[in-house]
Amino acid sequence: MDEGRLRLGEALIAAGAITPELLQEALEIQQRSGARLGEILLARGYVTRRQLYRALSQVWGIPYIELDKTTPDPQLAQQFDPEIIAKFRFFPLHQTEEAVTVAVAEPPGPEIEAQLRAVLGDKPIHFLATTQWDIERALLTFFRGHLLDKATFGLFQRAPQESAYTTLTRNQYLVFVGILLILVSCLFFQTKLALILLNLIVNVSFLVGILFKFVVSLAGAKIETKEPVTRQEVEALRDEELPRYTILVPVYQEANIIAKLLDNLLSLDYPPEKLEILLLMEENDEETIAAAKAARPPNLITFVIIPDAQPKTKPKACNVGLFLASGDYLVIYDAEDRPEPDQLKKAVVAFKKGEESLVCVQAALNYFNAYENFLTKMFTLEYSYWFDYMLPGLDRLRLPIPLGGTSNHFRTQILRQLGGWDPFNVTEDADLGIRAAAHGYTVGIVNSTTYEEANSRVYNWIRQRSRWVKGYMQTTLVHFRHPRRLARQLGWRGSLGFLLLVGGTPVIFLSNVIMWFIFTSWAFLSVHAFAFLFPMGILYIGLANFLIGNGLMIYLNMLAVVKRRFYRLLPYALLNPIYWILHSLAAYKALVQLVTRPHYWEKTFHGITQYTDGTTPP
Amino acid sequence: MKFIRNWFLWVAWIALASFWGSLPVRAEPGNTWHLSWQALGLGQNVRLEGQIASRDLFIPVPKGLKPSQLSGVLRISPDIEDGYLEVRSRDHLLGTFRLEPGQQGKEWVIPLASAPIEGHTLPLTLKARLRSQESPCITSRIGAWIELEDPVVAFSGAPVPPQKVSEFLPPIAHTLYIFVSEPPTPAEAQAALTLAAGLQRRYRGIKPFQLTLQPWQGGRTYSQLAANPERITRAIYLRESDQNQIRVATHAPDAIPLLEIMAPASDLNNQVQWLISPWVLTAQDEVVHDLIYTPSSQNRTKQVLLADLNVSSWQVSGVGELNISVPFAQADLGGPVQDLYLRLAGNYTPPPREAQATLSLYFNESLFFAMPLDSSGAFDIYAHVPHHLLQRDNLLRVLLTYTPPSPGCALDAHPFAASLHQGSYLDLDFGASPPWQFSHLPQILVPNFQIAFTTLDLSHLDAAVQLTTSWQQLTRALLHPQVVSWNPKAETSTTPLLFLTDDPQTLQQLNAPVQLKPFRIIDATGQERFRYEKNATYGVLQIFPYQERPLIALSVTPEMDVEEIAQAVSTLPHGWYDLQGDFLLVPHEGQPVTLLTQGDGIHVEPLEPSAETLWQQWRPFIYPFLLLAILFLAAWLYPRLIRSPKQND
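Residue numbers (the numbering used here), protein chains in the order written: chain A, 107 to 724; chain B, 33 to 681.
Hints in this document: simulated from the structure, not taken from any laboratory. Ideal placement from N, C-alpha and C gives every residue a C-beta, glycine not left out. Please note that a few of the clues may not be correct.
Claimed, not checked - One side of the interface only, derived from the structure: several residues of chain B facing chain A at Cβ under 8 Å:
(1) 421
(2) 422
(3) 424
(4) 516
(5) 657
(6) 662
(7) 666
(8) 670
(9) 673
(10) 674
(11) 675
Unchecked claim - Cβ-Cβ distance ranges computed for the label pairs, FRET-style:
(12) B:565 - A:668: 57 to 63 Å
(13) B:525 - A:627: 47 to 53 Å
(14) B:464 - A:627: 50 to 56 Å
(15) A:627 - B:665: 52 to 58 Å
(16) B:652 - A:359: 43 to 49 Å
(17) A:646 - B:648: 31 to 37 Å
(18) B:552 - A:661: 47 to 53 Å
(19) A:627 - B:652: 26 to 32 Å
(20) B:665 - A:661: 39 to 45 Å
Produce the complete structure using the sequences and hints provided.
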């Protein structure tokens, strides 16, 4: 540091913003973490943002300005690439014939100047200091259209074949109509034979799907004996090694849980100065915005107001967040999430241990209100099986992993390269996992859990599940637009795994209720009208599905709850077939919506559980 | 289309008839003909029973042929030690033949060349003396018989085509064609039915026998018939005309003899009745002009002489069991019988004191009267035959049992003989009551029955002809079908009616048990036996009462030929005998089904439209509709599932 220049700490003490003791404490933290002093003071609430940047303006030797008290020249701003503005944290304000005025949230230096000169030429530049928030707010104001377009159509414009903007391609549509015609013709000319074949296909698909899940789950069971990240590895991490982490928290109509959300996030075991928490709120969601403001969050939490436009989906908001994110790594949490405190550190370790191609690690999800009612119990069984056996199994077998909704940790830069989330896909997370695999990246898992709120009401559950199933349908259709290309990218094993897991899930749910109705009617109620559907071979397969299929799923659910020590949930594993009826209902809703409202985001309402205070985790 | 189909049917019939016609006759080089016993109408075999047995035979001889020999496989009962057979024709001894057990199964030939022909008949008497290991008392029950199996008569010469009207109908015939115009007039239909019944009756015993109705078509159909000298075939053309004549139209050796009967509508049926009556023998010319013939009225009497039935013999003699059989059908008596009595008188040899003799009367093998024969030497019985024993076809058996004084049961030791008076008769009360069943036919059709058509065309007339001939096969009484124009609403008659209709509404009006619309048959347990859905192709012959009148309805669905039903009946192994119940269903494909639908058992239930019937009904429209719906669906879905990049949310 130059001898003649004012230091930040001195400027702040001189301004009366901090005491020398606080400065000393902050400097000690800086020694450990390597973070910037301003970030430490800000993140720990020792100074306000304005105090910090006023002091910085003195340090930098330029005047301070509050951007909301001036009106930047939009035409001037439009000459710059918003990504450059966001990256270098400057914003052009005014231009006269003699000079240009630019606000900066970073010390004006050669890098910023080079970017400005590239646009403005040799005109003299007058720098003014302002806060990072002011820069971001100006960006969202003056580049609203650009940001929306990028957040919404960014992926589609860059790689339309990877976007769910169109549900089907023309070729897929022709194949679909062709299959429909063939099916109708077969049903008309050879009704019985066609129905028998259809029954055979459905039964075989069901059996293969179940066996696939069983095999993958058995592979996933190995994780019980080997943890991906150990406690010792986490403890060995030093703060200075920790990268900057951005947490994206999209919230919508969740004013009731904002305060709890902030508590949960602030309890994470990670240096706050290396955390960037972006609270993504929709512009028209005034209630949530008001609740967030009322909670008076610390400085490390930034409100990002997402401009109001369709599709009003979580991935669109996340894309805006991704645009503004400054962290090396990035994770998404839902409003009601309660991640285990060391999750970020575990993710850091996992990335360190992982291959270079590792773009994402997925933490396990589970529920804090498992025992609330039948639905939450069944949901907990399902999630335990999915995240504790299924995903680890996919990881172990190196099959593509459809990411879960939250707690997926990314390398930010690679995520940007991948195009972020597809706002037209209602399971953007699953889609992103497959897209990453298709681009040669890998997705891993980390042995940390985020506790969420299980849906405790049937209608809400069906809304959520129908969105998931619709998203799986979209994801299948998107990635099977070019099956041969996909086979080249994922390999035949990977493609088959993807097809069985992501494509097979909606098929199983759709066929499940019909299949059981026909089979049980015929087998137990002696409805002879269906007898012709079960020649000997199909009868055996149907029987195997009925007994072994259900048996395996019950067994896997039992394994999962035993692992989690949810022993009281064990008997509920036997009720899995009943739970599947709800899946079927949701699947049919999803199918209808795929046609009528493919991009509609069925909002899952949170904060309706009785366990709102989080004092009764399982 | 129907014309072409009919044309093919006729050609097929002609081919079939040609094949059948060639079966009974086997011609060999050198003008030698062989006619089987059945082809001569004489039954299956020649059998002589008893240690002293005699049998009179009358072999029909077509004009131009001369019998040369009778041959067959000899069967001898195992108890025979030896014996001989004497063959005579009237007083002319044709030969005597020694019988030995070693001749079992050998072909046996009796020369007939020297037998005199009486008119168109060769009378033949076979007498046998069979010496059995057993006594006459035992052999009267079993044993002491010889049988000539599958006899064949060899003829020399060739049949001479008829030159006169009286000669036109030969003593035996195997194929007969009846030609009528197409469509036939009611008078022609009437004449054809009368002729068919008459010819069937005349050639009743001959097997196989084929009677075919054909369209005349300006003579084209007739000319297509290949003249085949190996069959005895005749063709008769019935034509309603202003002329009145019967003419032997074709008598060339290489053509099928054709008789043309032309008459005004009012006379045509009388001409036919004349032809099949004994009066035809008076027509000694090639042509008979302006014939006036009034058939005798059909009077049926309450008493039928046994002499008018087929009594096996009037006199028996010997020891042990001595049988006299009188087979007859109810129809032979002149109609359905409500009550039956037998007046039987006769004489017998008074048995010695130590001997025993009894007279037993069996009706359909059920004993209904028995009495010991005393020393008076005569009996005169008036016995009631229980009604329940009466069937469509009956057998009255008079059994005389004579046991000579013991010891010994030797021929001529104590000769016994018995004879029936030819004035013996059956006393009848006519009458029949529903429920009407097929087993009531043909007796309820006697003395006459009516036939009505909703559509009088050749195929319907052919069906009526075939049914009439199938009934005629069952009785010696001549059936008298009467073609009528029938209006169910103006129903007054109680005469049985054969009604041929394809009109579903008429059947509905008649309240027929089975309608030409979807139905199913439920048995007594409520189980569905079978069902006929819409668009099923089938024909139904059913008998049911309509305003106290037995109605025999023949109806078919649109795609079915009405002849198929009649053919189904005629191709049954035993013809009409095989039909039970009151309902015959002949599917277009599959086996005919006969059931009893009246009473508490099986019943017919109309089928309400079901999903399956509706599916069958709408199926032709569904596929185009589905394709159209898919196109619409595809058009509707396209903008929803495929979004162009220019579209902006």
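Determine which of the earlier numbered hints do not hold for this structure and return their numbers in increasing order.
Of the numbered hints, 1, 2, 3, 4, 5, 13, 15 and 16 do not hold.
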